[in-house]
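Chains as they are written, first to last, in my numbering: chain B, 421 to 605; chain X, 798 to 946.
Since the hints were derived computationally from the structure, they do not count as laboratory data. Quick caveat, the model's predicted, so the values are computed rather than measured. Please note: incorrect hints may appear among the correct ones.
Stated by the list, open to error - Pulled a few chain B residues facing chain X out of the computed Cβ check, cut under 8 Å: (1) 430; (2) 433; (3) 434; (4) 435; (5) 439; (6) 448; (7) 467; (8) 497; (9) 533; (10) 578; (11) 592.
The beta-carbon is built from N, C-alpha and C at its ideal position, and this holds for glycine as well.
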Amino acid sequence: MLPIFLGACSTGTVILLPGQDGHRTAVAVKQGDHEVVLDRAYAAATQTPFGPWPYKSTPQEVEAGFGAALAAQPMRPATFSLNFIEGKDELTDDSRQIVESVFSEISKHPVPDVVVIGHTDTVGSDQSNDALSLQRAEAVRTELIRRGVAADSVVAGGRGKRELLVPTADGVAEPRNRRVQIIVR
Amino acid sequence: MSNVFSRHLRVMSPVVVMVLCTSAAATDIGQIKVSNGQVSIERNGRSLPGSVGSRLEAADSLATGADGSVGITMNDNTLLSAGPNSILSLDRYEFDSTTHQGRFDARLKKGTLAVISGTIAKQAPDAMTVRTPAAILGVRGTEFVVKAE
Numbered sequence: 421m422l423p424i425f426l427g428a429c430s431t432g433t434v435i436l437l438p439g440q441d442g443h444r445t446a447v448a449v450k451q452g453d454h455e456v457v458l459d460r461a462y463a464a465a466t467q468t469p470f471g472p473w474p475y476k477s478t479p480q481e482v483e484a485g486f487g488a489a490l491a492a493q494p495m496r497p498a499t500f501s502l503n504f505i506e507g508k509d510e511l512t513d514d515s516r517q518i519v520e521s522v523f524s525e526i527s528k529h530p531v532p533d534v535v536v537i538g539h540t541d542t543v544g545s546d547q548s549n550d551a552l553s554l555q556r557a558e559a560v561r562t563e564l565i566r567r568g569v570a571a572d573s574v575v576a577g578g579r580g581k582r583e584l585l586v587p588t589a590d591g592v593a594e595p596r597n598r599r600v601q602i603i604v605r
Numbered sequence: 798m799s800n801v802f803s804r805h806l807r808v809m810s811p812v813v814v815m816v817l818c819t820s821a822a823a824t825d826i827g828q829i830k831v832s833n834g835q836v837s838i839e840r841n842g843r844s845l846p847g848s849v850g851s852r853l854e855a856a857d858s859l860a861t862g863a864d865g866s867v868g869i870t871m872n873d874n875t876l877l878s879a880g881p882n883s884i885l886s887l888d889r890y891e892f893d894s895t896t897h898q899g900r901f902d903a904r905l906k907k908g909t910l911a912v913i914s915g916t917i918a919k920q921a922p923d924a925m926t927v928r929t930p931a932a933i934l935g936v937r938g939t940e941f942v943v944k945a946e
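Let's have the full structure, built from the sequences with the hints guiding it.
Now the structure itself:
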């Protein structure tokens, strides 16, 4: 009885928006035992005492009802990928150019925070690759700080071999997988 | 610059890495990136100003006034922004930056909220939820708006 009682005195609306990156998008709206899944742009549901009531919303309704919330959205995170010369721990020429783009992006953010994530290829154990990927990320973090990024706004992490750019079998040396991502947000 | 990079990569021992790893505050779960008008952070019964750059912790609530709006970026790249007269509570937040496993339960007690989901919602269905007084939203991705009245 309780969810129905709460539903009777509370209402609300959920509207799915078109995703910018083209990925599949969906939100499940549950009220007690009732569920409606929104999985298309502008699919919407209003909460009623009888459960979620689906309808099709419009860009005009979104702007009128949510303009202020949408205007306060933070800048979307920007991701950069740096590669190392095979067999060495030096950046490729292309990646050195990318480092300059990272600084240009940082300057656009009012309070930038930067996440540096290391990745390895599939040679070696999970444990050793976790350590190596973090070590690479920490080296890049140190370099960003040396070049003027505030130390408390840069964190480093290692993903080991969990997120391969080029899928390979285990134990394959693949230089494109030995990379560091920098996310500016 | 490549010299500096190579030098650090050679000399950095796992012990040094562990120490550097703790240099970032472990309790931060996100940061206020946009703040307009009256915005406050409610933490442990205290009300703090919600300014651009303020760091957020699990169980924080954000409240906006009639002229207020606030935008925050979470550690997993989830973006949340609330319009005027809103109360948004960050009930539970866990995120492992190595495995990408996590859990995020937010609650919109009143007002309006825009969401762009991040890494946590990608990992598993319903790893991220947004509750309103009337409903529970299971977030599978990626962009939506919610109103609670």
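Verification of the hints:
no.: 1; hint: 430; verdict: 4 Å, holds
no.: 2; hint: 433; verdict: 5 Å, holds
no.: 3; hint: 434; verdict: 5 Å, holds
no.: 4; hint: 435; verdict: 5 Å, holds
no.: 5; hint: 439; verdict: 5 Å, holds
no.: 6; hint: 448; verdict: 4 Å, holds
no.: 7; hint: 467; verdict: 4 Å, holds
no.: 8; hint: 497; verdict: 5 Å, holds
no.: 9; hint: 533; verdict: 6 Å, holds
no.: 10; hint: 578; verdict: 6 Å, holds
no.: 11; hint: 592; verdict: 21 Å, violated
Violated hint for the displayed structure: number 11, the only one.
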